[in-house]
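Undergrad: Using the sequences and the hints given, assemble the complete structure.
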Amino acid sequence: MNSQVQTLKARLQREARIEGVFRTATKASAIFVLVLLAGVIVSLVIGSWPAFKTFKFAFVTGEKWNPVTEVFGALAPLYGTVATSVIALLIAVPLSFGIAVFLTETCPRWLRGPISMAIELLASVPSIVYGIWGLFVLAPILQHTIQPWMIEHLGPLPVIGGLFKGPPFGIGLLTAGVVLAIMVLPFVTSVMREVFRMAPLSLKEAAYGLGATQWNVVWDVVLPWSRAGVIGGIMLGLGRALGETMAVTFVIGNSHRIATSLLAPSTTISASIANEFAEAEGDLHTSALIGLGLLLFILTFCVIAGARFLLMRLERGSMQRS
Amino acid sequence: MNTLLRRRISNVIAFAMSTLATLIGLAVLVAILWTLLSRGFGALSTTVFTQMTPAPGSNGGLLNAIFGSLVMTLLGIVIGAPIGLLAGTYLAEYGRRTKLASVVRFINDVQLSAPSIIMGMFVYTLVVATMGHFSAIAGAIALSMIALPVMVRTTEDMLNLVPKSMRDGSAGLGAQPWRTIMNIVYPAARNGLVTGVLLSIARISGETAPLLFTALNNQFWNSNLNKPMANLPVVIFQFAMSPYKDWQQLAWVGALLITLFVLTLSIAARAISSLFGQHSNPGE
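If you're matching them up, the sequences are chains A and B in order.
Number 245 in the numbering used here belongs to position 159 of the first sequence; there are no gaps in the numbering.
Number 394 in the numbering used here belongs to position 138 of the second sequence; there are no gaps in the numbering.
Rather than coming from a laboratory, the hints here were simulated on the basis of the structure.
This structure is a prediction, so every number in the text was calculated from the model and none was measured.
Do not take every clue at face value.
[What the hints assert, rightly or not] As a list, the in silico PhoX-like pairs of lysine-lysine whose alpha-carbon atoms are at most 25 Å apart:
| id | chain 1 | residue 1 | chain 2 | residue 2 |
| --- | --- | --- | --- | --- |
| 1 | A | Lys150 | A | Lys251 |
| 2 | B | Lys355 | B | Lys420 |
| 3 | B | Lys355 | A | Lys113 |
| 4 | B | Lys483 | A | Lys113 |
| 5 | A | Lys139 | A | Lys150 |
[As the list claims (entries may be wrong)] With the Cβ distance kept under 10 Å, some of the chain A side facing chain B (calculated, not the full set):
| id | residue |
| --- | --- |
| 6 | Thr192 |
| 7 | Trp196 |
| 8 | Thr335 |
C-beta atoms are modelled at their ideal positions from N, C-alpha and C, and glycine is treated no differently.
TA: Written out as structure tokens, the structure reads:
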């Protein structure tokens, strides 16, 4: 009898010991996620220190990027990164909105699953595939048909004309923007679809009761109600577009200059890093590239954190209501 | 009457536009898949799987690149998945409403969409610069860090689907929480956890940017983890950007292979998770 109690006690103690170990292991893994981020920040700051020390603030405002004379300014890739992302959003947001409206309102129920799955598959196509497709399929189409049309018809216009000047290269800001638009489309669409679905039915029914058309309900009731979520979704897409590397590297043309024309080759932060980092000669060049990485990190972190914050608040709000 | 007509017309136009937007989205997907099939499928032959990447102008395949991709993806998952599983378990079970859990949840969500090239740079400074050379193990570490947030997120979501009553029942029998998690929660969420692993594999098997300056590339067969290793994404990048027609051809074959692999995995993950959804809440 006594020995049985003994073994039971030993067993319980063992269970409790494992509990302690397991609990610690899960907590340590969770903390590891934070440590990883801290490690990334520290390594970027240390790595880019020489570049910032040499060029001071001119590293951000300087336009010249010359590995031979070792003068590095990040303005051109920064401009390229922001310009391509803005083009991407200008194309992707209206399309995503249309698709989300179609999926939540127009689409027959049986088609909803297949279509949303097809759109989401766009998100799982690897970015290198977008790159090779953009270079060999999209760029020639843009070069031979769309860009000449733009140069002829949009080029002479006042104010915006300057955006469509110069020879049609095929590769450049516009092409990168179009490829990015396709890549962020599924992310923006899926967030918009989710928040549209969260709109309270009673609100929509009240609007229908007042004689609103379906479009009135979408535009004047559902959209204002889900504004925060829609903005969150767009920012999430922006975060993706800013940091996307391979697809852009294929079609941006890799030219370190600030071009006013959208048809001209340019570069982005991520494309510069991808093209130069492995072959960087000299510590200052490497440091300048890590400095670009730091700028990209700060940019994307702010945008994505803002997006997550908006979406998280919305989720919590809808949970409290239901 | 006039405004009513106008509103009806704008209604029709708006929904026509939304249908058009959907058609454009679907057309792009079809266009990409069609290009891959038409350019890659014709060149798909057994030599792709039996020969090494060639020098320009000679014949060859992608064997070393396929092998390298499989090795590094597998290794990336073996490193990343357990940490992600444990961290996700903390968020869903032990941490739940703690301050730490909400910070980790937020940071993890941010890392989920953070640029992967920055992970590549981080691993470069951490591993490659310290060891003094590029290596397959550095590539695997970079991939594991990209798989980690996917695992954390799906694990937490899937464990949250397991009804609380099952945990209470186990606790009522005197089981410690770890026993409940191991013997009740994990088995109940098994399909969901498999989905998480599949999604992580899908996510990292197409990743190129973090491999560019960690695993680099290797024109020859290499099974030494301490040396640069060929991998499909970087080979596709290098070959597609080259001026050689036969290299570009192989790049298309590689792109087709990777896309088929990733799409199959994502569809499988979806199928498994929808099955899981039905099993976990039979009452709802």
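Undergrad: Now look at each hint and say whether the structure bears it out.
TA: Each hint, compared with the structure:
For the suggested pair A:Lys150 and A:Lys251, the alpha carbons sit about 23 Å apart, so the restraint of at most 25 Å is met. A threshold of 25 Å between alpha carbons decides the hint, and for B:Lys355 with B:Lys420 the separation of about 21 Å falls inside it, so the pair holds. Of the supplied pair hints, the one linking B:Lys355 and A:Lys113 holds, its CA atoms being roughly 12 Å apart against a limit of 25 Å. For the hint linking B:Lys483 to A:Lys113, the alpha-carbon distance of about 34 Å lies beyond 25 Å, and the restraint is violated.
Using a Cα cut-off of 25 Å, the hinted pair A:Lys139 and A:Lys150 holds, with the two alpha carbons roughly 17 Å apart. Proximity of A:Thr192 to chain B holds as hinted, the smallest CB-CB distance being about 5 Å (cut-off 10 Å). Restraint check, A:Trp196 versus chain B: the minimum CB separation of about 15 Å is more than 10 Å; hint violated. The beta carbon of A:Thr335 is positioned within 10 Å of a beta carbon in chain B (closest approach about 8 Å), and the interface hint is therefore held.
Of the hints listed earlier, those the structure fails to meet are numbers 4, 7, in rising order.
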